[in-house]
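What follows is each chain in one-letter form.
2 protein chains.
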Amino acid sequence: MSFDRLIDGIVKMQNPTVAGLDPKLDFIPDYIKENAYMEYGKTLEGAAAALFEFNKGLIDELYDIVPAVKPQAAYYEMYGWSGVHALQKTIAYAKSKGMFVITDGKRNDIGTTMEAYAKAHLGITDVDGEKIEAFGADALTVNGYLGTVKPVLDVCKDSDKGLFILVKTSNKSSGELQDRIFDDGKTVYRTMGDMCENWGRELPGKYGYSGVGAVVGATYPQQLGELRKTLPHTFFLVPGYGAQGGGAADVAPAFDGRGLGAIINSSRGIMCAWKKEVGIEPRNYAQAARREALRMRDEIVAYIGQIKK
Amino acid sequence: MSFDRLIDGIVKMQNPTVAGLDPKLDFIPDYIKENAYMEYGKTLEGAAAALFEFNKGLIDELYDIVPAVKPQAAYYEMYGWSGVHALQKTIAYAKSKGMFVITDGKRNDIGTTMEAYAKAHLGITDVDGEKIEAFGADALTVNGYLGTVKPVLDVCKDSDKGLFILVKTSNKSSGELQDRIFDDGKTVYRTMGDMCENWGRELPGKYGYSGVGAVVGATYPQQLGELRKTLPHTFFLVPGYGAQGGGAADVAPAFDGRGLGAIINSSRGIMCAWKKEVGIEPRNYAQAARREALRMRDEIVAYIGQIKK
Numbered sequence: 004m005s006f007d008r009l010i011d012g013i014v015k016m017q018n019p020t021v022a023g024l025d026p027k028l029d030f031i032p033d034y035i036k037e038n039a040y041m042e043y044g045k046t047l048e049g050a051a052a053a054l055f056e057f058n059k060g061l062i063d064e065l066y067d068i069v070p071a072v073k074p075q076a077a078y079y080e081m082y083g084w085s086g087v088h089a090l091q092k093t094i095a096y097a098k099s100k101g102m103f104v105i106t107d108g109k110r111n112d113i114g115t116t117m118e119a120y121a122k123a124h125l126g127i128t129d130v131d132g133e134k135i136e137a138f139g140a141d142a143l144t145v146n147g148y149l150g151t152v153k154p155v156l157d158v159c160k161d162s163d164k165g166l167f168i169l170v171k172t173s174n175k176s177s178g179e180l181q182d183r184i185f186d187d188g189k190t191v192y193r194t195m196g197d198m199c200e201n202w203g204r205e206l207p208g209k210y211g212y213s214g215v216g217a218v219v220g221a222t223y224p225q226q227l228g229e230l231r232k233t234l235p236h237t238f239f240l241v242p243g244y245g246a247q248g249g250g251a252a253d254v255a256p257a258f259d260g261r262g263l264g265a266i267i268n269s270s271r272g273i274m275c276a277w278k279k280e281v282g283i284e285p286r287n288y289a290q291a292a293r294r295e296a297l298r299m300r301d302e303i304v305a306y307i308g309q310i311k312k
Numbered sequence: 004m005s006f007d008r009l010i011d012g013i014v015k016m017q018n019p020t021v022a023g024l025d026p027k028l029d030f031i032p033d034y035i036k037e038n039a040y041m042e043y044g045k046t047l048e049g050a051a052a053a054l055f056e057f058n059k060g061l062i063d064e065l066y067d068i069v070p071a072v073k074p075q076a077a078y079y080e081m082y083g084w085s086g087v088h089a090l091q092k093t094i095a096y097a098k099s100k101g102m103f104v105i106t107d108g109k110r111n112d113i114g115t116t117m118e119a120y121a122k123a124h125l126g127i128t129d130v131d132g133e134k135i136e137a138f139g140a141d142a143l144t145v146n147g148y149l150g151t152v153k154p155v156l157d158v159c160k161d162s163d164k165g166l167f168i169l170v171k172t173s174n175k176s177s178g179e180l181q182d183r184i185f186d187d188g189k190t191v192y193r194t195m196g197d198m199c200e201n202w203g204r205e206l207p208g209k210y211g212y213s214g215v216g217a218v219v220g221a222t223y224p225q226q227l228g229e230l231r232k233t234l235p236h237t238f239f240l241v242p243g244y245g246a247q248g249g250g251a252a253d254v255a256p257a258f259d260g261r262g263l264g265a266i267i268n269s270s271r272g273i274m275c276a277w278k279k280e281v282g283i284e285p286r287n288y289a290q291a292a293r294r295e296a297l298r299m300r301d302e303i304v305a306y307i308g309q310i311k312k
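Order-wise, the sequence lines are chains B and R.
Going by the numbering used here, the first residue of the first sequence is number 4, and it counts up by one from there.
Going by the numbering used here, the first residue of the second sequence is number 4, and it counts up by one from there.
Everything labelled a hint here was simulated from the structure, so no lab data went into it.
Any given hint could be a false lead.
The list treats identical chains as one, so a pair stands whether inside a single copy or across any two.
[As the list claims (entries may be wrong)] Distance condition first, Cα-Cα at most 30 angstroms in a straight line; then the derived DSSO-like pairs of lysine-lysine:
id: 1; residue 1: 15; residue 2: 232
id: 2; residue 1: 160; residue 2: 27
id: 3; residue 1: 189; residue 2: 312
id: 4; residue 1: 134; residue 2: 27
id: 5; residue 1: 45; residue 2: 160
id: 6; residue 1: 98; residue 2: 27
So here's chain B without its partners, still in its complex pose (with noise of 0.2 angstroms):
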């Protein structure tokens, strides 16, 4: 019903970091998919296989410095069914080990099926009175284009979850619409924004920050800080540090004085640590992503001080 559990996880590991699984296979070491290639051939099964077992692997060393995981949808879809098959996989395990999931799905439809999306990703499916959690993530990142936030606010209500709407996102092209202006002079964004700030009054949290959340790029750091003044209700979803180009003094506006608001995402720079690191070998790679993991938690850290409640 709102992020106070994921705000209960970054106060106890004094980290504003969520770990971006989007595992390609040129990111995972060659050990793993040769196992995997073994039992199942050059295949999507294969694929996928070697997918989760690169996901467990990370999930092993992150879990107790790191409280959430960002599996990103698309990554599991491009193997067909059997991706998505290591995605609930990768989302139970996560689980298992206390972790925070959010699913980046950036869903979006009409209402009644806004409303199978949020069941699937996020509640439960019944099956003829048989109630089955699909993939059973705690939050889901939205798309709000097309207005039909509720049926995902309804679902969350029942079951303590959270969602995320896109706002400002990282890419270069975002502004294309995103920052056009409307005729009472505020920008797309700017409207997103405040439609979140209105949202989230349905799911309010003990922090002071709803269930509804905001995804807002590292890579505009002036619009990080704006919004983070005017939607003080707003927790921030920041995806665009390391490999897209934000740095700490980037992601630093997002937060409050207390070191709350926002969750900092870090994807190819944690899962691809052992690409850089000269001389590892390669079945090291998840202790590889434990350093870069902490590396960049002191780096937040160092701008934001400690995190109160």
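Mind docking chain R on chain B? Use the hints.
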């Protein structure tokens, strides 16, 4: 690279409609579900087996009179990875019958991730040298909020496929953002429509329509007519006919003088036709769907006349 194949089918069958495959368990006759539960139990696998069997029956009765199907991804994801497997099998089966398949996924993300979605749904996945189709649809619906359509265009160029971008959606709340007016006096939906025309230049087609289509709801006939005039190269996918309230008179403005320019979707109307026929044997659900599809075709063609090349 365009919608030529889709339009070929529309002209050949004299039918500008698409059957939406959004199968909820409620829509499926009991005998299909009972068979599936007997084999897999009341599980996500059982539900997915029922979905596919239901779809297969519909496709068998529709493929010679309806040129295309549009499975809605949400209703498959609701049944987990098993449901997504049923989506993949549905796409493959419809294609084996010669139907044009539009996956309604409304996917969107930053550039590199959008590329993964495009490969997943329309293109080819590379598993260390093996080239495999993950889902293999002919077209994908896309949400343009991020301004990252380019990677989908690139995949379509390589593979004779197309995309439909959300412009003016059929839901009641679509106006909250899409009808807002920019400081240049244009609405959001008009602006997005103009982007479709621009992007479409990269995927020209022999009928004058590009491979970049637009989703425009049947529930907004005035906007349909306005957009038909201002977007001469953009083919429309029109949801909202039937169950959502749009009728043949409402969708008529979507067509040009040749009876081309749009394809009208009906989902529940076709899938649930058997529930409305008095005294029908549930085993004949697909014949009822065929009767409704023919009725819908005749109703629309009565407004637009013979469809000419």
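Hint-by-hint comparison with the structure:
In this assembly of identical chains, residue 15 and residue 232 lie within 30 angstroms of each other by CA distance solely inside one copy; the values are 25 angstroms within and 59 angstroms between copies. Taking the closest pair of Cα atoms, residue 160 and residue 27 come within 30 angstroms of each other only across two copies (23 angstroms); inside a single copy the shortest separation is 34 angstroms, beyond that limit. Taking identical chains as interchangeable, the C-alpha atoms of residue 189 and residue 312 are never at most 30 angstroms apart, the minima being 33 angstroms within one chain and 45 angstroms between chains. With identical chains, the CA atoms of residue 134 and residue 27 are at most 30 angstroms apart between copies only, with a shortest distance of 15 angstroms across copies and 33 angstroms within one.
Taking identical chains as interchangeable, the C-alpha atoms of residue 45 and residue 160 lie at most 30 angstroms apart only when they sit on different chains, with a minimum of 27 angstroms there against 43 angstroms within one chain. For a Cα distance limit of 30 angstroms, the shortest separation of residue 98 from residue 27 qualifies both inside one copy, at 22 angstroms, and across copies, at 28 angstroms.
Comparing the model with each earlier hint shows a violation of hint 3 alone; every other hint is respected.
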